[in-house]
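Take the sequences, apply the hints, and build the full model.
Residue numbers (the numbering used here), protein chains in the order written: chain A, 3 to 200; chain B, 3 to 200.
Honestly, I wouldn't trust all of these hints.
Identical copies carry no separate label here, and so any pair may be met within one copy or between two of them.
No more than 20 Å apart at the CA atoms, straight line, and that leaves these computed lysine to any residue pairs for SDA-like [what the hints assert, rightly or not]:
1) 55 <-> 19
2) 168 <-> 89
3) 98 <-> 31
4) 27 <-> 99
5) 91 <-> 9
6) 20 <-> 37
7) 7 <-> 82
8) 7 <-> 71
9) 7 <-> 100
10) 7 <-> 34
11) 55 <-> 43
12) 127 <-> 139
13) 7 <-> 74
14) 20 <-> 31
15) 168 <-> 25
16) 91 <-> 38
17) 163 <-> 81
18) 20 <-> 49
19) 26 <-> 43
20) 55 <-> 184
21) 26 <-> 46
22) 20 <-> 30
To be clear, the hints were calculated from the coordinates, so they are not data collected in a lab. Remember, predicted model here, so these are calculated numbers, not experimental data.
Protein chains: 2
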Amino acid sequence: MDINKIEPIARLINEFSKLPAVGKKTAERYAYYIIRTSEENARNLATSIMDVKSKITFCEICGNYTDSSPCKICRDRSAKIICVVKEPKDAMAIEKTGEFKGQYHILHGTINPISGIGPNDIRIKELLDRISNNETEEVILATNPDVEGEATALYIAKLLKPLQIKVSRIAQGISIGSELEYADEVTLSRALHDRKEI
Amino acid sequence: MDINKIEPIARLINEFSKLPAVGKKTAERYAYYIIRTSEENARNLATSIMDVKSKITFCEICGNYTDSSPCKICRDRSAKIICVVKEPKDAMAIEKTGEFKGQYHILHGTINPISGIGPNDIRIKELLDRISNNETEEVILATNPDVEGEATALYIAKLLKPLQIKVSRIAQGISIGSELEYADEVTLSRALHDRKEI
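Structure, rendered in structure tokens:
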């Protein structure tokens, strides 16, 4: 009784295996769970999926996911400091540190000429519009420390220079708790170069 | 913007994290996928989940999952040899080898006095009923090679003895492709004991 030949199960396995990093084996395990779990559990999962699709939109200000626009952060927090990130999950990662109390700006991508993504394809114009309010004093560029992230940060920094706003870039160096021995050379030389007096 | 504080997303993450071996981090990744994927993809997943719940039942003969009872294997194959397994996924594992052309019998559990599971709690009576047809010539006991699986196999073997049916147990020994060095002692001594002349 190859479970994969029973049509409704085969279809479910196929759908599950579209989830990120889910292979055939894992999709089968999930399908088994659905078969065995209560009717209620299965229905909750199915309706949650549809709920997210129908209720989640983008915040008209920061571009993050929200169920009501503007999002809670754009409503409740000051725009004095705006942290610019590539994707919603980057904002979530920063939010989890509990260190940042300002607003976010989600670019939804980074400049990448090879993939044909230029400055007009990401939310840079929206950032400039936001800053023209005169409330913002600092913009933190928190794009990833890779080629596209660096290029995007530099591009935005150049645009913001004439506006007399403080522009900063998140620090790059050795990860906390890691060992020098295993750091890659680029990171290590950057860490040396950006050394701080103590 | 902690994504976990947006209610529909928080609920979806919670539902995803009920899947086997899915933690918070993975559930978040799945939720992000749902947010970003097409409406159609999300709907397909949701409806496949509900379809499986409404269409999948147990085969009245072998007890395996099926969308029409009796299942395809019980309809199409001879009952000359019946392979007894603990769970549907065990039947699937054997089916994948392509070596077995008989029918299955799913016990839906093994005898486990500690958990209060006795012979009457698993599908042993159904197995005896099936065999009374006089068609069956051999029963292969393919429960797991653990304490409960062994006990269950022995129990069933004893019940079948008076019926003059050939009863066999799957071979236990060193896994193909593994190394002696890493085999556990119990497996290794069993492999020595059950050695075959070549």
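Please list, smallest to largest, the hint numbers that this structure does not respect. 2, 7, 15, 20
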